[in-house]
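Trainee: One letter stands for each residue in the lines below.
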Amino acid sequence: MAAIELDGLERRYGERVALAGVSARLEAGKTLAVLGGNGAGKTTLLRVLAGLLRPHGGAVRVLDADLPAERWKLPGKVGYLGHDPLLYRDLTGRENLRYHARLHGVRLERVDVVLDQVGMERRADDPVRELSRGMVQRIAVARAVLHEPPLLLLDEPRANLDPAAAELLEPLIGRASGRTRVLVSHDVAGALAEADVVLRLKRGRPVEADGELYA
Amino acid sequence: MLRAAATILRKDLLLELRTKEAVPAMTLFTITVYVLFHFGLDRNALDGDLASGVLWVTLLLAAVIGVTRLFAAEREQGGIDALLLAPVDRTALFLAKASALFLFLVAVELVAVPAYDLLLLGPGLGGTLPELLVILLLANLGIAAVGALVAALAAETRTRELIVPLLLLPLLLPLLISCAQATEPLMRTDQGPEDLGRWLGLLTLYDVVFVLVSVAVFDFLLED
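Line by line, the protein sequences are chains A and B. First residue of the first sequence? That's 1 in this note's numbering, and the numbers climb one at a time after it. First residue of the second sequence? That's 1 in this note's numbering, and the numbers climb one at a time after it.
Source of the hints: derived by calculation from the structure; they are not laboratory data. Virtual Cβ for every residue (Gly too), placed ideally from N, Cα, C. You can trust all of the hints, since none of them are fake.
Cβ-Cβ distance ranges computed for the label pairs, FRET-style:
hint: 1; chain 1: B; residue 1: Leu28; chain 2: A; residue 2: Arg205; range: 51 to 59 Å
hint: 2; chain 1: A; residue 1: Gly14; chain 2: B; residue 2: Glu21; range: 27 to 35 Å
hint: 3; chain 1: B; residue 1: Leu212; chain 2: A; residue 2: Arg107; range: 32 to 40 Å
Partner residues are not named here, just some residues of chain B that face chain A (Cβ under 7 Å, in silico):
hint: 4; residue: Lys11
hint: 5; residue: Leu15
hint: 6; residue: Ala73
hint: 7; residue: Ala82
hint: 8; residue: Pro87
Heads up, incomplete: computed chain A residues facing chain B, CB under 7 Å, no partners named:
hint: 9; residue: Pro75
hint: 10; residue: Gly76
hint: 11; residue: Tyr80
hint: 12; residue: Tyr99
hint: 13; residue: Arg102
Whenever a hint applies, use it, and build me the whole structure from the sequences.
Mentor: So this is what it looks like as C-alpha cells:
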C-alpha cells in the first residue's frame, strides 16, 4: 500500500515556483530520500507532506489523506523534524515533551521513555536555551517520535549530532524504526544507502539520476 | 477541546512566569501613563468623563502590548507548526490565547486600578468598586476575544507591531464607548450609577458577538 503518492505536485510562493512537476510513490515502511542543493524545494516538499503548506497543483496523497482537502486526517500521524526544533526555549526539555504529549493525547510516562531513548534523561530539566545544538536536536527527535507516528518527515535529522548520538537515535529515526520515512539530507552517500526511492530536485523540479544537482 | 485549551493556556502562563515579557511591560506602561497624565494635566485629581476616559484609553493601549506579545513564542519558536501537527481543534488555541490575555489584563488591573485611584482619582473608588469590577471583567472578556483574533491575524506578518494597533483599536471602539460611559457616573463626586444596566448590556452584547465571530473565523486565520 502506498503511504505517499505525488503526481505533478506544484507549490508556489507568490509568483515564485518552489515545486513543479514532482511525482513519487512510496510504499509503507519504506524510505524516500530527497536530494538537492540549497533552494531545491526539499523543505517545502516536507512541509506539504506534513500538511503545513497547501499544494497549489497536482495530486498529493499522504496516509490515505488527499491534500489539501483531507488535511484534517493527518494531525497526529506525522512525526516532523525540520530545521526548527519546535521547542520552547524557556521551557525545559521535559516540560516541552509533556506539553506535546498532552496535545497528542499520549500518556505522560512515555515522556520518560523517549528521554531515555535519546539519552537526555540527565539534562531533561534544563531549559532548552541552555542546551547545546546537539542536545536540542535529540529533544526534537524525542518530540517527533513521542506519539509514535507511522510517517516520519526528517529534514537533516543528524545535523549537529556526534557519531555516538547519531547511532543512539538510529532505532528511533533510522531504517530500524520500521516507519515510513521521507529523508532530506545533504549527505548524498548516506541518504542513498538508506533509501528505497530517491527523488532528486533542482530549483523545485525533478532531475534525472545522472543530472547535476548542485550546479 | 477544553483539555487542549487548558494545556496551551498552562504553557502560556508558565512561559510568562519565566520570561516576564507581557504583564510587567503592560503594568509599567499603564502606571507610566497615569504618572504622565498626573503631571501633564497639572491636576491632582480627575473626575467624571475625563477620569473615565483616561482610565480606559490607558488600559486599551496597554492591551495592545499584550496582544502584540500573545503569539510571540509561537511565532519565534515554531509553536504554530507544532499545534497544526497535533490532533487539536484550532478553537482550543483561540480559547487558550483569549484566556491568557484575559488573565494578563486582570493581573495588570490589580496593580493599575489602585495606582490610578491613588494618582489621579478625585472622588476615590470607594463604594463603587463592585460596579467597576463588573465593567472591568466584561471589558477584559471583549478585549481578550478581539485581541486573540487580531494577534492570530498579525502573527505571520512582518509588520505586526503596526497591524495590531491599527486593527485592534478601531474594533475596540464600541467597547471603549460602553466602558467609558458606564464608568463615568462612578467617578463623579455625586457618585451614582446612571444607565449602568444599559451600558453593561451593550458590553455583554459586544462580548457575545466578538466571541462568536472570533471562534467562527479563527480556523481560517491559521491556514497557509
